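Starting from the given sequences, assemble the full structure and let the hints guide the process.
Protein sequences appear in the order of chains A and B. Straight run, no breaks: the first sequence in my numbering ends on number 368. Straight run, no breaks: the second sequence in my numbering ends on number 368.
Please keep in mind that the hints were generated in silico from the structure rather than gathered at the bench. All of these numbers come straight from a predicted model, not from anything done at the bench. Treat the hints with care, since some could be wrong.
Which copy is meant is left open, because identical chains are indistinguishable; a pair holds if it fits in one copy or across any two.
Derived DSS-like pairs (lysine-lysine); straight-line CA-CA distance at most 30 Å [as the list claims (entries may be wrong)]:
hint : residue 1 : residue 2
1    : K50       : K92
2    : K20       : K132
3    : K272      : K132
4    : K272      : K115
5    : K20       : K115
6    : K50       : K20
7    : K50       : K132
8    : K302      : K132
9    : K92       : K66
10   : K66       : K50
11   : K92       : K132
12   : K182      : K160
13   : K97       : K132
14   : K115      : K97
15   : K302      : K182
Number of protein chains: 2
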Amino acid sequence: MPTRHATRRQSLLRLMQEQKLDAILVTDDTNVSYLTGFSGDSSYLLLTPKLAVVISDSRYTTQLQKECPELDRAIRDAGRALSELAGSVIQKSGVRKLGMESSSLPVDSLESISKHVPGVEWVGCPGLIESKLRSVKDEGEIAEIRQALVYAQEGFRQLKSMLSPRMTEFEASYELEHAMRKLGARGHAFPAIIAKGDRAAMPHYFPSQQPIGQSRLLLIDWGAETMSRYRCDLTRTLITAEPDDRLATVYGVVLEAQQLAMQAIGPGQSCKEIDAIARNFIADKEFGDYFGHGLGHGFGLKIHEQPRFSPLSNDVLEPGMVVTVEPGIYLPGWGGVRIEDNVLVTSAGHEVLSSLPSSFESAFCPLA
Amino acid sequence: MPTRHATRRQSLLRLMQEQKLDAILVTDDTNVSYLTGFSGDSSYLLLTPKLAVVISDSRYTTQLQKECPELDRAIRDAGRALSELAGSVIQKSGVRKLGMESSSLPVDSLESISKHVPGVEWVGCPGLIESKLRSVKDEGEIAEIRQALVYAQEGFRQLKSMLSPRMTEFEASYELEHAMRKLGARGHAFPAIIAKGDRAAMPHYFPSQQPIGQSRLLLIDWGAETMSRYRCDLTRTLITAEPDDRLATVYGVVLEAQQLAMQAIGPGQSCKEIDAIARNFIADKEFGDYFGHGLGHGFGLKIHEQPRFSPLSNDVLEPGMVVTVEPGIYLPGWGGVRIEDNVLVTSAGHEVLSSLPSSFESAFCPLA
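Structure representation (structure tokens):
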């Protein structure tokens, strides 16, 4: 039985045939790892129908033998440039029409490799592996994401029990990471956003040194990363003091928008339309000017992957995609509410993978 | 008085004049931040003798006003691509000969910007800002690095008091990060390398889930990052059980090689020659085959910066450079010893910025 990495390379070869490519040079670290199982960096993969060669350096000789013994290796010494060795491997392979990861490959790297292979025709394949392969998760990947959710959700429960008015946003962030690591996580899936009161109106935010006490709400957007680097991405907005009427209204609108969008998720659905379900509902409640970002996104080895829920998206849902659903309403000077869960698209419809409660009542977390 | 960011832009303008450039498009996040004070990402800086424009998006409007009020801003909406707005700003500026950061700018980004400015001649400036500006630190940067060392050194002392035979390498890593954050650090300067026994023979290594007990030594390579993102980089090798004769010999050779190299540091010195001092000393002691990496490197906003100490380096030391000095001897199947300190090049010679003891006696840390 082929390994899951071999299966992925087979899928990539089929995509290359459609584009009439002889070969592809994979240069993005995460994509190399996804296609080979190699966990190091600074290495390329040259893939042709006959050949799969990892182009790396002598630091990684042992690791490559252990992590992907079925692949060929080309190893450079410290004195030789990666581009030169890559050029030599491409030259020997005799390929003419070569795909490249043009959305991440630097201008200089292409130039230095090209010098060694003057006859090659380079074809940009921006986001090919990300959009056509990594967007649909296999069983092993889904199991890893479920594990990330175990760490994230239990870490959040522990953080809630630790919160106090004098704790700063930044302290809450690192105590959360520490709790998730004790449970077995590698760490945060991304630097957590922990924003109190009116700061929660800023969708991107690094936790401050200000104490979380003396405000009505606390927005926590976090995730865990497993040891094999799969992630999850959740948000809860805690009500930390007596709420005003507006908070109850805003919370209710965000929650209902999220539930409506999640219920509509299934294979064949348009990501633009799922986005519109939440967006139109929020607009009908007259908060349309205060939801300024997309409804959600895929995730896995990276925190932002395909597909995207947004008014501009052309993506269509397929079984195996794993996405966030995270509407929000942000009122400048007042604060913001966002609720985010993680959903797997299945052949029958969908499965909500996250299980933390999100009702208005469950959000109460008074800071004594 | 100009801000330190304005001073840096003035220095860059002088470098551009030498290369007869009308302008430079700065696309690397760290370089944009270094030249402007802006702490966000996904933004460019167009710099000409008359103009300094940050090209960003609406998420960052408020943050840009706060962090770099003296600069012009071009802000795009969610529907417009960064490359299109950059093209439009370049077009309006009327520049003809434009420098780019070709060592990091992706092929596709260059192509999409170029489309909008067909008359422009692009000139690759690989590593210009890194090698000519960021390699020499100003007073504020040196103060930040000293602060990073306060966090790292005190964190290490606390970790030493926490070590126990059943603690895993990974636990030691995250307990160290947690301790440094409680002291005020943003976190690790890089994922710490914590390697027990024969694992210390691998120069690059991610901490495992194995307990640190039952081995002779524990290699710890770590650093702290300050809130304004300056870093430091240290290594100590702890002797965790009764050492054999070989450990005493190897430790002594590494320490003496390090001391000899550090003493030679001063302005005008060749980095290749400083590297050779340690390398030749280790070779004279017949461990020449077991020191397989460069002697050290600059650091600051990134953990690896210019200059580099290696047999291939053409760098020359200047006052204001801050470097690691980190020889090591790695014996496969036995283990490795590395000792690393941080040194500032001064006009009079040098100052060793780190102050943790490194004698053989100080390395004893028996795990009960």
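What label fits K20 with K132 when the C-alpha limit is 30 Å: within, between, both, or neither? Close inside one copy (16 Å), not across copies (44 Å); limit 30 Å.
Treating 30 Å as the Cα threshold, decide for K50 and K132: within, between, both or neither. Within. Shortest intra-copy distance 22 Å satisfies the 30 Å Cα cut-off; inter-copy 45 Å does not.
Give the relationship of K182 and K160 under a CA distance limit of 30 Å: within one copy only, between copies only, both, or neither. For K182 and K160, both the intra-copy (16 Å) and inter-copy (19 Å) Cα distances are at most 30 Å.
Could you place K302 and K132 in one of the four classes (within, between, both, neither) given a Cα distance threshold of 30 Å? Only inside one copy: K302 and K132 sit 15 Å apart there, 33 Å across copies, limit 30 Å.
Within, between, both or neither: K272, K115 at alpha-carbon 30 Å: Only across copies: K272 and K115 sit 28 Å apart there, 43 Å inside one copy, limit 30 Å.
For K92 vs K66, is the C-alpha pair at or below 30 Å within one copy, between two copies, both, or neither? within (25 Å within a copy, 55 Å between copies)
With identical chains, the pair K66 and K50 could be close in the same copy or across copies; at 30 Å between alpha carbons, which is it: within, between, both, or neither? within (22 Å within a copy, 56 Å between copies)
30 Å Cα cut-off: does K97 pair with K132 within a copy, between copies, both or neither? Result: close within a single copy only, 20 Å intra versus 38 Å inter.
Given identical chains, is K50 near K92, meaning Cα to Cα at most 30 Å, within a copy, between copies, both, or neither? within (13 Å within a copy, 50 Å between copies)
For K20 vs K115, is the C-alpha pair at or below 30 Å within one copy, between two copies, both, or neither? Close inside one copy (23 Å) and across copies (26 Å); limit 30 Å.
As a check of your reading, is K272 near K132 (CA-CA no more than 30 Å) within one copy, between copies, both or neither? within (18 Å within a copy, 47 Å between copies)
Can you tell me if K115 and K97 fall within 30 Å by alpha carbon in one copy, between copies, both or neither? Both: 15 Å inside a copy, 24 Å across copies.
The structure shown violates none of the earlier numbered hints.
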